[in-house]
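Trainee: Chains as they are written, first to last, in the UniProt record's numbering: chain X, 1 to 423; chain R, 1 to 423.
No lab work stands behind these hints: they were computed from the structure.
Warning: the hint list may mix true and false statements.
Unchecked claim - Straight-line Cα separation of at most 27 angstroms, BS3-like style, residue types lysine-lysine; simulated pairs:
#, chain 1, residue 1, chain 2, residue 2
1, R, 388, X, 267
2, X, 287, R, 104
3, R, 388, X, 287
4, R, 323, R, 104
5, R, 287, X, 372
Unchecked claim - Taking beta-carbon pairs under 10 angstroms as the criterion, some of the chain R residues facing chain X (in silico):
#, residue
6, 261
7, 262
8, 284
9, 357
10, 358
11, 359
12, 361
13, 364
14, 408
Unchecked claim - Footprint (simulated), chain R over chain X, 3 or more residues, beta carbon under 8 angstroms:
#, segment
15, 184-190
16, 336-344
Positions of the beta carbon are idealized from the N, C-alpha and C atoms, including for glycine.
There are 2 protein chains.
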Amino acid sequence: MQGAAKGTFSLLLQAAARGRIYLSVLPCARSMSSSEMLIPAPAVLMQPLSVPERLMLGPGPSNTPPRIQAAGALQLIGHMHPEMFQIMDEIKLGIQYAFQTRNKLTLAISGSGHCAMEAALFNTVEHGEVVLIAVNGVWGERASDISERIGADVRRLEKPSGESYTLKDVEKGLAEHKPCLFFITHGESSSGVAQPLDGLGDLCHKYNCLLLVDSVASLGGVPIFMDQQGIDILYTGSQKVLNVPPGTAPISFSERARKKIFSRKTKPPSLYVDMGWLANYWGCDDKPRVYHHTGPVTNFFSLREGLAMLVEQSLEKSWQLHKDNALYLHQGLEKLGIKLFVKDQAVRLPTVTTISVPEGYDWMEITSYIMKKHSIEITGGLGPSTGKVLRIGLMGYNSTRANVDRVLHALKDALQHCHKNKI
Amino acid sequence: MQGAAKGTFSLLLQAAARGRIYLSVLPCARSMSSSEMLIPAPAVLMQPLSVPERLMLGPGPSNTPPRIQAAGALQLIGHMHPEMFQIMDEIKLGIQYAFQTRNKLTLAISGSGHCAMEAALFNTVEHGEVVLIAVNGVWGERASDISERIGADVRRLEKPSGESYTLKDVEKGLAEHKPCLFFITHGESSSGVAQPLDGLGDLCHKYNCLLLVDSVASLGGVPIFMDQQGIDILYTGSQKVLNVPPGTAPISFSERARKKIFSRKTKPPSLYVDMGWLANYWGCDDKPRVYHHTGPVTNFFSLREGLAMLVEQSLEKSWQLHKDNALYLHQGLEKLGIKLFVKDQAVRLPTVTTISVPEGYDWMEITSYIMKKHSIEITGGLGPSTGKVLRIGLMGYNSTRANVDRVLHALKDALQHCHKNKI
Chain X
1 MQGAAKGTFS LLLQAAARGR IYLSVLPCAR SMSSSEMLIP APAVLMQPLS
51 VPERLMLGPG PSNTPPRIQA AGALQLIGHM HPEMFQIMDE IKLGIQYAFQ
101 TRNKLTLAIS GSGHCAMEAA LFNTVEHGEV VLIAVNGVWG ERASDISERI
151 GADVRRLEKP SGESYTLKDV EKGLAEHKPC LFFITHGESS SGVAQPLDGL
201 GDLCHKYNCL LLVDSVASLG GVPIFMDQQG IDILYTGSQK VLNVPPGTAP
251 ISFSERARKK IFSRKTKPPS LYVDMGWLAN YWGCDDKPRV YHHTGPVTNF
301 FSLREGLAML VEQSLEKSWQ LHKDNALYLH QGLEKLGIKL FVKDQAVRLP
351 TVTTISVPEG YDWMEITSYI MKKHSIEITG GLGPSTGKVL RIGLMGYNST
401 RANVDRVLHA LKDALQHCHK NKI
Chain R
1 MQGAAKGTFS LLLQAAARGR IYLSVLPCAR SMSSSEMLIP APAVLMQPLS
51 VPERLMLGPG PSNTPPRIQA AGALQLIGHM HPEMFQIMDE IKLGIQYAFQ
101 TRNKLTLAIS GSGHCAMEAA LFNTVEHGEV VLIAVNGVWG ERASDISERI
151 GADVRRLEKP SGESYTLKDV EKGLAEHKPC LFFITHGESS SGVAQPLDGL
201 GDLCHKYNCL LLVDSVASLG GVPIFMDQQG IDILYTGSQK VLNVPPGTAP
251 ISFSERARKK IFSRKTKPPS LYVDMGWLAN YWGCDDKPRV YHHTGPVTNF
301 FSLREGLAML VEQSLEKSWQ LHKDNALYLH QGLEKLGIKL FVKDQAVRLP
351 TVTTISVPEG YDWMEITSYI MKKHSIEITG GLGPSTGKVL RIGLMGYNST
401 RANVDRVLHA LKDALQHCHK NKI
């Protein structure tokens with residue numbers, strides 16, 4: 001188009017950008033040369049970004065403290081600069097501390113906790129191998145799904161949502177199915193259960209099986225000792241107790257797991273999470289680092305800061321804080337006549353508390369009311385616990401008595417204002 | 001441990017934290033109960049985070065402008081909040097504009113460009129299907145690797161690094177191999193080639209084949225018209241022309257690609273990038289959104305801002321700017337007696353310029369000198385171009401005449417000070 005035609009087209013584009021006309025007014029694609037614009041600029045992107053302030057007391061993401069927010073605003077450096085490798089080395093040390101492990105193969109996945117779950121299964125399991133998955137909530141379901149996709153022979157150990165596994169339960173499963181890998185969730189955030197881990201490692205190793213533990217919702221808030229407890233693969237997410245924006249997921253592999261990975265017959269299905277490549281990128285293999293993918297530089301800055309804050313506070317203090325504030329919340333809930341969903345006090349997860357939806361109430365009306373009137377997020381259930389529970393998270397920076405008081409006040413208000421027996 | 005023993009242990013831990021003793025001094029794991037700390041706090045995480053300021057004129061990541069840095073420091077909201085869905089909808093509109101497409105199945109992957117490459121191949125290709133990969137640099141090699149991992153029958157169309165494909169080359173390959181998908185790189189950042197795309201879509205469709213284009217290093221800097229050019233799958237990265245921190249990757253699928261995805265016989269190997277789940281999470285399927293994974297909330301804020309800045313500038317102006325500044329750079333390089341690596345002027349990539357390593361110089365000495373003396377990143381080659389080229393990136397916010405002057409000045413200085421004929 002030249003001259004007048006071009007001028008008319010520009011006017012149309014400008015009008016479309018202001019939202020005054022619809023796309024169908026524009027000339028159709030087939031009659032245009034490839035130097036002409038077809039899709040106009042969306043008007044909504046001419047408006048400023050709008051993000052409300054919220055107190056995030058759901059199962060994650062949690063709020064980020066100012067120090068971590070500041071890290072998110074730093075200028076970028078290159079993913080292969082020596083200063084970046086130094087920061088990645090610091091992240092590794094921080095993960096080794098948080099996981100209580102000396103594993104050399106320790107790093108952060110460039111994705112969410114689900115990406116780390118895939119990294120764990122993709123690297124350690126080959127087509128046709130038997131895996132045993134403990135299912136008592138949504139995370140076991142997801143681990144089963146992923147294992148099936150890669151052609152594993154998936155066996156399930158099932159329990160109702162809200163219950164945990166005994167060593168006897170697990171031993172029965174191991175003896176029956178003889179899996180190469182056993183998956184269990186430490187912090188079952190959909191049900192609010194903290195699975196006891198002592199003894200599971202020895203049991204799995206007795207049956208020549210790797211122990212894979214999901215600690216996305218528990219790490220930093222509940223004691224875990226990767227080496228002492230004989231955990232072979234452990235991963236977590238950044239956006240829970242660490243208070244780091246979602247997008248990275250710490251993971252570590254024992255020597256036993258490393259050996260299985262590096263003696264595979266086939267390549268893992270994914271290049272992106274291939275532990276051969278990632279071990280090199282993270283300096284875990286003593287070879288010069290070569291380019292694999294462009295790591296999320298800013299997220300690594302934030303993760304480094306989240307781990308540094310945990311180090312400064314100390315694991316012991318963090319565990320104690322989560323325990324104390326969860327107890328304070330539980331007492332307050334009971335005073336309001338609200339029932340805790342997990343019956344066995346010993347296995348209640350201190351980072352995410354589940355309560356039974358109060359009788360006669362619509363759970364969604366409660367969460368919406370609290371969001372609208374108090375700018376606080378608490379959430380409903382997930383997977384098998386949907387419709388049964390409400391979930392309140394107290395994680396890292398958010399685990400304070402003041403926040404417990406705020407959420408109890410909001411809940412009390414919601415119970416008074418939401419319509420009992422409406423449904 | 002109790003009393004004195006516990007006190008001694010604490011002192012040891014403190015000493016280890018200060019880096020005064022080595023881990024081997026600490027009691028061994030087997031003699032301890034699980035309530036005791038084994039791995040001490042790493043001293044280096046007690047130090048402040050240190051990130052140098054750099055002008056990033058390599059092939060990416062590029063520098064982030066203040067508006068995008070500010071988005072990185074915003075407080076988090078939930079990945080399932082309505083305000084987040086609004087921002088995701090805005091991102092979709094921004095991608096549709098940047099890609100020049102009306103495709104409904106348009107979204108951002110929660111990972112790097114490589115993760116998007118996997119998402120494209122994992123969803124559209126099934127085990128045993130024939131794919132044809134155009135290899136003229138590192139990206140074709142990676143696409144071949146990923147395709148092999150998922151059991152595709154991989155055929156390759158090879159060209160030396162620095163060359164592009166003609167329609168005749170491609171038609172010969174399509175006729176011979178009859179693939180279900182053809183992969184080609186638009187911005188071959190390892191060689192500096194901008195692959196012409198006109199006519200490729202029609203050609204692929206004539207052979208009943210999907211056209212997959214990698215535009216990680218070119219999108220926003222080189223004209224591309226997804227719908228008009230008949231591209232079936234197109235993806236890019238956030239950290240190039242968009243100047244957004246790495247960690248998200250825009251992707252879009254044509255109706256033809258969508259149909260192939262949703263008539264698969266088997267599930268894609270990955271749940272994390274399963275387009276059935278992601279289509280729902282991104283509101284592309286008209287069903288109520290359900291939880292899939294926790295998206296990288298902060299990265300989405302930044303991506304929204306990067307797309308908004310492109311919208312404000314307009315694609316036409318962005319393309320012109322990249323073209324003008326690249327030409328200005330090329331002229332300056334020639335004045336310094338430096339040879340451009342890509343012989344054919346018509347296919348030189350304006351976002352990443354490759355130059356032949358000046359005769360008698362060690363490329364690594366040049367990049368190190370420029371980094372050390374001028375705080376500017378330029379890089380060596382990648383994959384097949386390693387040792388042959390130096391790469392200078394001018395992307396988005398970084399594509400300015402002032403930056404061209406800075407890098408030319410730095411290069412001139414390096415050529416005077418680095419040791420010619422040392423190697």
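Trainee: All hints are to be evaluated individually against the structure, with a verdict given for each.
Mentor: Going down the list of hints, with the structure as the test:
no., hint, in the structure
1, R:388 - X:267, "violated, 30 angstroms"
2, X:287 - R:104, "violated, 44 angstroms"
3, R:388 - X:287, "holds, 23 angstroms"
4, R:323 - R:104, "violated, 30 angstroms"
5, R:287 - X:372, "holds, 24 angstroms"
6, 261, "violated, 15 angstroms"
7, 262, "violated, 17 angstroms"
8, 284, "violated, 16 angstroms"
9, 357, "violated, 18 angstroms"
10, 358, "violated, 22 angstroms"
11, 359, "violated, 26 angstroms"
12, 361, "violated, 21 angstroms"
13, 364, "violated, 12 angstroms"
14, 408, "violated, 21 angstroms"
15, 184-190, "violated (count 0)"
16, 336-344, "violated (count 0)"
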